[in-house]
Amino acid sequence: MSVITLTTDFGTRDWFSGTMKGVIWRIQPRARIADITHEIPPGRISTGAFVLSAACPFFPPHTVHVAIVDPGVGSSRRAIAVETERFFFVGPDNGVLAKALARETIRQIRRLENPRYFLEPLSATFHGRDVFAPVAAHLCRGIALNRFGPPQDDYVRLESPSPIPRLGGMTGEVIYLDRFGNAVTNLPAIAQAALASGCLTLAGRASPLPLVSCYQMIPKGQAAGLCGSHGYMEIALFGGSAAQRLGLRIGSRVTLSLIPPRRIPRRSPKRGP
Amino acid sequence: MSVITLTTDFGTRDWFSGTMKGVIWRIQPRARIADITHEIPPGRISTGAFVLSAACPFFPPHTVHVAIVDPGVGSSRRAIAVETERFFFVGPDNGVLAKALARETIRQIRRLENPRYFLEPLSATFHGRDVFAPVAAHLCRGIALNRFGPPQDDYVRLESPSPIPRLGGMTGEVIYLDRFGNAVTNLPAIAQAALASGCLTLAGRASPLPLVSCYQMIPKGQAAGLCGSHGYMEIALFGGSAAQRLGLRIGSRVTLSLIPPRRIPRRSPKRGP
Amino acid sequence: MSVITLTTDFGTRDWFSGTMKGVIWRIQPRARIADITHEIPPGRISTGAFVLSAACPFFPPHTVHVAIVDPGVGSSRRAIAVETERFFFVGPDNGVLAKALARETIRQIRRLENPRYFLEPLSATFHGRDVFAPVAAHLCRGIALNRFGPPQDDYVRLESPSPIPRLGGMTGEVIYLDRFGNAVTNLPAIAQAALASGCLTLAGRASPLPLVSCYQMIPKGQAAGLCGSHGYMEIALFGGSAAQRLGLRIGSRVTLSLIPPRRIPRRSPKRGP
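Quick note, the sequences are listed as chains A, B and C, same order.
Under our numbering, think of the first position of the first sequence as 11, with each following residue one higher.
Under our numbering, think of the first position of the second sequence as 11, with each following residue one higher.
Under our numbering, think of the first position of the third sequence as 11, with each following residue one higher.
So that you can see chain A by itself, here it is in the shape it has in the complex:
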């Protein structure tokens, strides 16, 4: 039980994330700390939630995952720590932990209210340093979760769009744009065997995108859909940014169609009425 991960919107040009490591090592010198990212766009809770959920399953059992996208720091929003069957999660109770927690079996949720585990004096503006880092370090030392504050039944969910089933498929939307310009949707990845019989249609574009198994299978300069490593369908463009080329944004609508193989129209997709 000695790994702590950090997912924040603190950036890397100031002293914020580095200082958290000092606080952690003062309390638990043996903690190994992995930066997931500190470049969540400031205050964008849903982006932090997605990144955390994509990274956290790959860490060792008992890892303490800290996620801080916290526009409400110092206000009445609650801070929580959650114990699940596999991990601990620490952060503001504002939805940033929600997407990761949705896949976990939760054992208990505690509000962080015991100042014994906070830094003294407690600032009103940097709970990453003064609350979340020390709590994570104490958890990593083996302090029982019930010591940190009173129990809480549930956690704040994220308002996130669910795909809508349709005849022969479903409609969802883009929920994340990565560094490469790949557009991740909320459509669950389909089986490799079904790729050949499916396609993705973007709102406002008549010609559907084919589905392929890897980036290399996309004809150079063209776009396609594929099953991302995060478990969702994504749209990629080989050798460039799909988001930029296709004008995709968070919220852009995408429809997945699964057509029985013999009915795929070949080489003459309908292009409008």
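A portion of the hints provided could be inaccurate.
Note that the list lumps identical chains together, so a pair holds whenever it fits in one copy or between two copies.
Claimed, not checked - With a straight-line Cα cutoff of 25 Å, these simulated SDA-like cross-link-like pairs (lysine to any residue) come out:
#1 Lys230 <-> Gly82
#2 Lys230 <-> Pro81
#3 Lys230 <-> Ala216
#4 Lys230 <-> Ile200
#5 Lys230 <-> Gly53
#6 Lys230 <-> Pro220
#7 Lys230 <-> Glu169
#8 Lys230 <-> Gly21
#9 Lys230 <-> Ser251
#10 Lys230 <-> Gly257
#11 Lys230 <-> Ser85
#12 Lys230 <-> Gly249
Treat the hints as calculated values from the structure; they're not laboratory data.
Just so you know, these numbers come straight off a predicted model, no measurement behind them.
Let chain A serve as the given structure and place chains B and C on it in line with the hints.
Chains B and C in isolation, oriented as in the chain A frame:
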């Protein structure tokens, strides 16, 4: 005694900071290394000095803090290591360590002149790798400071502006702009109890900014002053960049006024003559 | 044998590099992980190769160096692990390891084909997480290289320009631009003693650049050549970006001339016909 921190202007896109870790681990495999930041603007010594001073107090005793913003690498500027009651500091003697050292009780200062603790061959352009990293690692191993070179009485101070006292307050200036666009001043943070009776006035702006206790207390889209987690007054804008909105730069003048509570003009701040 | 380095084009704003650390620590909890950089421009194999080669010699013996710039992920390109006298190297066999390997004494090369050392299920798009990270961690644990797959005789070389000898010097080109705007060439660094008698000439510019021993020796605002810490001649501008000022790009041609000292034209360099 096993933590080393790095504060540099080396950036993260080249091999500079990563290579320092290799050098450190070759000498002291057990060192834990925390990047404070590598994104100090190239050559901006005062920014490096501020970031180091904001981060260093939060690290474990005996941490070796390395700060390298070193436009004079290879010239006659001296390289030093400093032992204080709590920490070690290693870097060029050009002011980058000054703001942190000003708050420490200094035990001894040594010039780094013993080539036994340098990398061989010594390059003229990358002392981060060839001098500062190996010295930090040897300090972390427990080598006594007096082995590294001759003693030195003092260190190079940073020319930094001090706030000027005024009737009922003081005038200072912006010394740092963080990722969120918060503008940190050199005005020392005041007691929480005094917030309600104070305000900040920016040069060239008639209406003063109220003081609040946390970001969440700032009305959306408006700016305010608050006590930053670094111990100074800062100017923030909830949901945006105060620096951008208010045109704040390093050196922008800011006046803190502390008015006895009953004399605060309410809802009708003077707006010019 | 417990250090792993990462050189990738994954960036730091998504979950890619952080997730690799989780995978590594699940397999080898004692690995120390150094990020060389994750900011290789997407798909730019030659840049990744240069950065790896500049950083890797400075790490402890038996370090496992992982380099992933892998536009062909999921295609038929091979993945390899290489044991040299000093280190291990892991990555796609597309040239990204070539520049580092060219300076090593190679013991054996193995194709990564044994799925026992991969993550299950294996994605088609993120071999950094599913193949390279677990293989590096298993190597770090001491698993013998021959367990990972069949031997291979050679590795894919990088098509990289070699300097062309000329009367009294050689002509090469810019191969790397660093954060500071320094332009690294493929011309090998010359002895310090020869600096005074040499100069660099850029294609299309009549006046040659003098050679100096360190950045500080460059007159403010002017450019010069010097021996970089990576072992090549580089072009720098004190207090600014040489690349920007001189319009240098990857591939810009640069000629190194070594003139016997008494024949250096002083103060009146030829400026065109």
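Status of each hint after checking the structure:
1. Lys230 <-> Gly82: Classified as between: cross-chain Cα gap 12 Å, same-chain 45 Å, threshold 25 Å.
2. Lys230 <-> Pro81: between (41 Å within a copy, 11 Å between copies)
3. Lys230 <-> Ala216: within (20 Å within a copy, 41 Å between copies)
4. Lys230 <-> Ile200: For Lys230 and Ile200, the Cα distance is within 25 Å only inside one copy (24 Å; across copies 43 Å).
5. Lys230 <-> Gly53: Intra 36 Å, inter 13 Å, cutoff 25 Å: inter-copy only.
6. Lys230 <-> Pro220: within (14 Å within a copy, 44 Å between copies)
7. Lys230 <-> Glu169: The answer is between: 21 Å across copies meets 25 Å, while 37 Å in one copy does not.
8. Lys230 <-> Gly21: between (34 Å within a copy, 22 Å between copies)
9. Lys230 <-> Ser251: within (12 Å within a copy, 34 Å between copies)
10. Lys230 <-> Gly257: For Lys230 and Gly257, only the intra-copy Cα distance (18 Å) is at most 25 Å; the inter-copy one is 30 Å.
11. Lys230 <-> Ser85: between (50 Å within a copy, 14 Å between copies)
12. Lys230 <-> Gly249: Answer is within: at 7 Å inside a copy they meet the 25 Å cutoff, but 40 Å across does not.
The earlier numbered hints are all upheld by this structure, with none contradicted.
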